[in-house]
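S.K.: So the chains spell out like this:
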Amino acid sequence: MKHTISVLVENEFGVLTRVAGLFSGRGFNIESLSVAPTLDPSVSRMTIVTCGDDGILEQITKQLNKLIDTIKVTDFTGQDYVEREMALVKVTAEEDTRAEVLRIVDIFRAKVVDVTPRSYTLEITGAPTKLNAVIDLLRPMGIKELVRSGPVVMGRGL
Amino acid sequence: MKKTGSQILLECLLREGVDTVFGYPGGTVINIYHDLADYPIRHILTRHEQAAVHAADGYARTTGRVGVAIATSGPGATNTVTGIATAYMDSIPLVVITGQVPTPLIGNDAFQEVDIVGITRSITKHNYLVQDIKDLARIIKQAFYIARTGRPGPVLIDFPKDIQIQSTWFEYPDKVEMRGYKPTYSGNLRQVEKAANLIMAARKPVIYVGGGASGADASEELLAFAEMTRIPVTTTLLGMAVFPQRHTQSLGMLGMHGTYYANMAVTHSDLLIAVGARFDDRVTGKIASFAPHAKIIHIDIDPTSIKKNVRVDLPIVGDLKDVLKKLADALDRRSDELPALIHAMGPWREEIAAWKRGYPMVYQSSDSVIKPQYVIEQLSELCSEDAIITTEVGQHQMWTAQFFAFSRPRTFLTSGGLGTMGYGLPAALGAQVAFPERQVIDISGDGSFQMNSQELATLVQYGLPVKIVILNNQYLGMVRQWQELFFDRRYSQTPLELPIDFVKLAEAYGATGFSVSRPDQVREVICKAFETPGPVIMEFKVDREENVMPMVPAGAAINEMVLAS
Ligand SMILES: Cc1ncc(C[n+]2csc(CCOP(=O)(O)OP(=O)(O)O)c2C)c(N)n1
Ligand SMILES: [Mg+2]
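Which chain is which? The protein sequence lines are H and Z, in order. According to the numbering used here, the stretch in the first sequence is residues 1 to 158, in order. According to the numbering used here, the stretch in the second sequence is residues 1 to 565, in order.
It is possible that part of the hints are untrue.
Simulated crosslink set (DSS-like; lysine-lysine; CA at most 30 angstroms straight-line) [unchecked claim]:
#: 1; chain 1: Z; residue 1: K371; chain 2: Z; residue 2: K134
#: 2; chain 1: H; residue 1: K2; chain 2: Z; residue 2: K182
#: 3; chain 1: Z; residue 1: K194; chain 2: Z; residue 2: K134
#: 4; chain 1: Z; residue 1: K134; chain 2: H; residue 2: K72
#: 5; chain 1: H; residue 1: K62; chain 2: Z; residue 2: K175
#: 6; chain 1: Z; residue 1: K321; chain 2: Z; residue 2: K307
#: 7; chain 1: H; residue 1: K66; chain 2: Z; residue 2: K528
#: 8; chain 1: Z; residue 1: K141; chain 2: H; residue 2: K66
#: 9; chain 1: H; residue 1: K62; chain 2: Z; residue 2: K528
#: 10; chain 1: H; residue 1: K66; chain 2: Z; residue 2: K175
#: 11; chain 1: Z; residue 1: K204; chain 2: Z; residue 2: K175
#: 12; chain 1: H; residue 1: K62; chain 2: Z; residue 2: K141
#: 13; chain 1: H; residue 1: K66; chain 2: Z; residue 2: K308
#: 14; chain 1: H; residue 1: K111; chain 2: H; residue 2: K90
#: 15; chain 1: Z; residue 1: K307; chain 2: Z; residue 2: K286
#: 16; chain 1: Z; residue 1: K371; chain 2: H; residue 2: K62
#: 17; chain 1: Z; residue 1: K204; chain 2: Z; residue 2: K371
#: 18; chain 1: Z; residue 1: K141; chain 2: Z; residue 2: K182
#: 19; chain 1: Z; residue 1: K321; chain 2: H; residue 2: K62
#: 20; chain 1: H; residue 1: K2; chain 2: Z; residue 2: K308
#: 21; chain 1: Z; residue 1: K194; chain 2: H; residue 2: K66
#: 22; chain 1: Z; residue 1: K541; chain 2: H; residue 2: K62
#: 23; chain 1: H; residue 1: K2; chain 2: Z; residue 2: K371
#: 24; chain 1: H; residue 1: K62; chain 2: H; residue 2: K90
#: 25; chain 1: Z; residue 1: K295; chain 2: H; residue 2: K66
#: 26; chain 1: Z; residue 1: K504; chain 2: H; residue 2: K62
Just so you know, the hints here were simulated from the structure itself, not pulled from any lab data.
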């Protein structure tokens, strides 16, 4: 099962390698990983999407906690949270498909951030499932390039 | 006062109570070595950086203090790797300091540059690269704190040469503050109560003790807990000296080369109380058949050890001393029910006694050839009560575990987790430095001895009277045993037939050597060696193809033991 884990770590040199090394060294899987400083610049937040059964997830959480630089680990699975990911998509947009691409942009509240005579570059934000849906719709028109940020999450409420 | 980086390092060592370090100089630590002479810190110059780390490890295992080793950058640093990994696998507190090329050169493939922080990331509890002299004192303070608290382990500090030369105002922080590191010491009382209830309901309980109990110095608490319930006790290799092996409740070691009765008791138990043990595969054999009928209570300081390999019914995270004490208190509150419990466990004690009678730990004795087990038995009898025993890795190590009657904590030093050949001699060196007056004996094989035999020079130089026992079977015996049993007796690359004159080797270093090949000479030569001042090698030419038995074949359940070959 898929889990989204948020890890607060010391914003120090080498921390990313420690976390990545822990996953690779113990054979845990990383589906996506994003890192950036928090409001407190001495702390970074990593958002990791991983998968595994309950036993594996328990080990992942414990092992992350064991790292000296880890301040807090939260597994959002089963909790109420907002999840957002961004994708940049460069899609072929010739005479016959330009209008269709723009319709999709409109429906999904995406943005066109770059235009050439033969392509559009789109910025799409939303839950990963929404991104998947848009990408599926664009695929028949010819996606030249796709960059996804990996999701970030935040618990709902206070 | 302003001090240089290298002076700050030495000041910090003093503040941490370090009186001895083990190491080897080189270009990127030359400033530290220069300043070392100004400080009341004893430096032991080993003949290899691996040995320096093992020696610091031996020092730590016997004293319970943090062992310290120093090496230069590049090859000096990479030579420490096996020592660090050995300590990491057995949870031994070390601080290893490596020199590094000057910070502007880092990343340039400079002369003798290696990324030792990267290399040791997965074999240290934590590691540091000093990037600013202002962080130095804090880093050293944290390194010692991390090494010795929680589940102990090695910490490496990579210390660039330019920072050793810079200077700054020195102030040693009196507190460690790390928001990400707060080990749990106090065992949860509700969990302890539940454990007491499980114990009161058990009819076939077994206590399974690992190296954690040694690190936590919990042997008294363990003994008290075991005696009040009369529950039998089995230990891992690293737990052997924690519980007196001659105690009536002792089952000896469990697992691959454990006793028949320990493995049978665990397999038939209805409650397994794991104390500072981690269910290593050499202990459990086939996991699915390990303690199949037992509820499992797992007490450990490290939450990641719990439920890593086996299901656990009741986890208790905490310091073993604390938890065992609380457990004894909880049982004390049920003291009027204890006699009934002990009575109800009578049939279980009977069952175990029958296994002990039926399948004791024995070997085929001989009048014509020296049996290695006989040497261990004689050593166990003849050495003093507080002798410190180290081993290398192989058959001799297992025979030591099987036939030496350990009775005091921190007297048995062996590489359990990593299984490092070459560990025993430098570890003995470190132990002897810590306890110059005690007997220190390295029980070795002919193969392992040659992995760090250069340390004879260190022993002689510092007058460290380590006694070295070589059980010479002219084989990499443990591997040969596997080849005999599982690989059609094809002894590929395991005979060590070049006859080495270990007596001459000892003498070449200025030590003493004895060599014997008849059983009737064994006691005599041990006594003679014990009386000889300085380091001594005792070579015993033993029965070459003796096997370590009983044995659980790899992948089998621990009750499926092969008793004799
Ligand atoms: C550094 C290292 N290399 C290889 C091994 C694999 N190994 C385990 S036991 C053993 C044989 C040890 O031979 P010896 O020291 O003579 O001991 P014996 O088994 O003969 O008592 C070997 C090669 C190891 N444990 N450590
Ligand atoms: Mg041998």
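S.K.: The structure should be examined with respect to each hint, and the outcome stated for every one.
M.R.: Going through the hints against the structure:
1. Z:K371 to Z:K134: The hint is violated at about 60 angstroms.
2. H:K2 to Z:K182: Measuring from Cα to Cα gives roughly 29 angstroms; hence the hint holds.
3. Z:K194 to Z:K134: 49 angstroms, violated
4. Z:K134 to H:K72: 27 angstroms, holds
5. H:K62 to Z:K175: Holds, because 26 angstroms separates the two Cα atoms, which is no more than 30 angstroms.
6. Z:K321 to Z:K307: Roughly 21 angstroms separates the two Cα atoms, so the pair holds.
7. H:K66 to Z:K528: Answer violated: H:K66 to Z:K528 is near 50 angstroms, above 30 angstroms.
8. Z:K141 to H:K66: OK: Z:K141 and H:K66 at ~19 angstroms, within 30 angstroms.
9. H:K62 to Z:K528: 53 angstroms, violated
10. H:K66 to Z:K175: Holds, because 21 angstroms separates the two Cα atoms, which is no more than 30 angstroms.
11. Z:K204 to Z:K175: Violated: Z:K204 and Z:K175 sit about 47 angstroms apart, past 30 angstroms.
12. H:K62 to Z:K141: 25 angstroms, holds
13. H:K66 to Z:K308: Measuring from Cα to Cα gives roughly 14 angstroms; hence the hint holds.
14. H:K111 to H:K90: Answer holds: H:K111 to H:K90 is near 12 angstroms, not above 30 angstroms.
15. Z:K307 to Z:K286: 16 angstroms, holds
16. Z:K371 to H:K62: This hinted pair is violated, its Cα atoms lying about 47 angstroms apart.
17. Z:K204 to Z:K371: 36 angstroms, violated
18. Z:K141 to Z:K182: 15 angstroms, holds
19. Z:K321 to H:K62: 23 angstroms, holds
20. H:K2 to Z:K308: With a Cα-Cα distance of about 20 angstroms, the restraint between H:K2 and Z:K308 holds, given a limit of 30 angstroms.
21. Z:K194 to H:K66: This hinted pair holds, its Cα atoms lying about 26 angstroms apart.
22. Z:K541 to H:K62: It is violated: about 49 angstroms lies between the C-alpha atoms, which goes past 30 angstroms.
23. H:K2 to Z:K371: 58 angstroms, violated
24. H:K62 to H:K90: 40 angstroms, violated
25. Z:K295 to H:K66: Given pair Z:K295, H:K66 holds - Cα atoms ~27 angstroms apart, limit 30 angstroms.
26. Z:K504 to H:K62: At roughly 53 angstroms apart (the allowed maximum being 30 angstroms), H:K62 and Z:K504 break the hint.
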